[in-house]
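2 protein chains.
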Amino acid sequence: MKKLNILQKKLGHTFNDEAMLVRALTHRSAGSRHNERLEFLGDSILSMVIADALFHRFPKVNEGDMSRMRATLVREKTLAELAREFELGEYLILGPGELKSGGYRRESILADAVEALIGAIYLDTDIGRIQQLLLAWYDERLNDIQPGIDQKDPKTRLQELLQGKRKPLPTYTVVDVIGEAHNQKFTVHCQIDGVPQPVVGIGTSRRKAEQSAAEHALDIML
Amino acid sequence: MKKLNILQKKLGHTFNDEAMLVRALTHRSAGSRHNERLEFLGDSILSMVIADALFHRFPKVNEGDMSRMRATLVREKTLAELAREFELGEYLILGPGELKSGGYRRESILADAVEALIGAIYLDTDIGRIQQLLLAWYDERLNDIQPGIDQKDPKTRLQELLQGKRKPLPTYTVVDVIGEAHNQKFTVHCQIDGVPQPVVGIGTSRRKAEQSAAEHALDIML
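Top to bottom, those sequences are chains A and B. So the first sequence is numbered by the UniProt record's numbering: it starts at 1 and just counts up by one. So the second sequence is numbered by the UniProt record's numbering: it starts at 1 and just counts up by one.
I should point out that these hints are in silico values taken from the structure, not numbers from a laboratory. One or more hints might be untrue.
If several chains are the same, the list does not tell them apart, and a pair holds so long as it fits within one copy or across any two.
[Stated by the list, open to error] List of simulated lysine to aspartate or glutamate pairs, EDC-like, C-alpha gap at most 20 Å: (1) K185 x E215; (2) K208 x D219; (3) K3 x E36; (4) K60 x D219.
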């Protein structure tokens, strides 16, 4: 493992309690003192700090758009990018089974470790300090993000995914509507070429049910 | 509407900016200056404060159990209970279409208003103050909650729901497994008496896929 002080310089924080940093870097495959509890804490801090930043930066934007922007900023892909900026892969403490894992598993381990680091820095200092650091880590991304851009809805993403694979577009069919006019529940089937069973989506409107089905389809296909 | 000072006494906070309180109480049906942005902010603050409280109260509990306890503490049902303790229904500002709505809609409007109040108090003061208030609001619930109790997993809840309706138990079938040994994706169908199509669940293990299917089934049935 590289010297931890190089990492701490990149993070912008020198730990008072270095054991906390080591714990944040320890994947569960490497032993019982792993980072999953810190990840739980860090995830909630990150969500809050980003929500607060978006709330103040976009005073006119509705909560749906804020929620989509936040999802973009805290998703695994973004966290794994941050991890690579910190060269976090060089510092992770992994068990023998995980050392050689690549691709999806690796992305997820990196992203989780970033959340664990956030939790660890919070415990090592306070909410003000981690907020300040997170705003620095996210500075460029917060400057770049715009409501409605890059936060494509699931149907659009599914369509683009299928187009990229030169497959036919999905078809959506309402198969059930229950409840009275003001409180309806729509069930939609999304049929995709190559997926044997229709993917189910539920929602309070046809549109929401279709988006839900598209989201589940993306879960299956990605 | 009742005098707002009675509500403020119940909440334990007197607003510096009373317009913020009014906004937190205003449902989107009542006009454009509604509480949805505050709700977005408040939701993230609540999640963070509860995560932090659980992290410190349960130093030995794993993140799965913390996550389930948090879900119990921040779910709509719990927030609607808090709303009733504050008699929040008396203060909500609703449009004509929502005034008479009852049941599910009402619960959801009350719960959302509690989140909006959390966001509003945070903006009116700071994170330390809202944390202190939330710990007071949740004092009894945080003292009562225990890992593994009342945080039943989706399969258990689905089973109990069906038993309560005197229906046969659901059956789970693995219909697809893709990927290599270390990185598999399971697709499970959950068949429920009276639900025409199987409900689909996806996960990195059979168990997780079954839980996912049960969760979707609960979404459909509840």
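#### Entry: Status of E215 relative to K185 across identical chains (alpha carbons, at most 20 Å)
Answer is both; intra-copy 17 Å and inter-copy 16 Å each pass.
### Query
Between copies, within a copy, both or neither: which fits K208 and D219 at Cα up to 20 Å?
both (16 Å within a copy, 14 Å between copies)
### Task
Tell me, please, which holds for K60 and D219 at an alpha-carbon limit of 20 Å: within, between, both or neither?
Answer is neither; intra-copy 31 Å and inter-copy 32 Å both fail.
### Query
Taking 20 Å as the upper bound on the Cα-Cα distance, should K3 and E36 be classified as within, between, both, or neither?
neither (23 Å within a copy, 46 Å between copies)
Checked against the numbered hints above, the structure violates hints 3 and 4; every other hint is satisfied.
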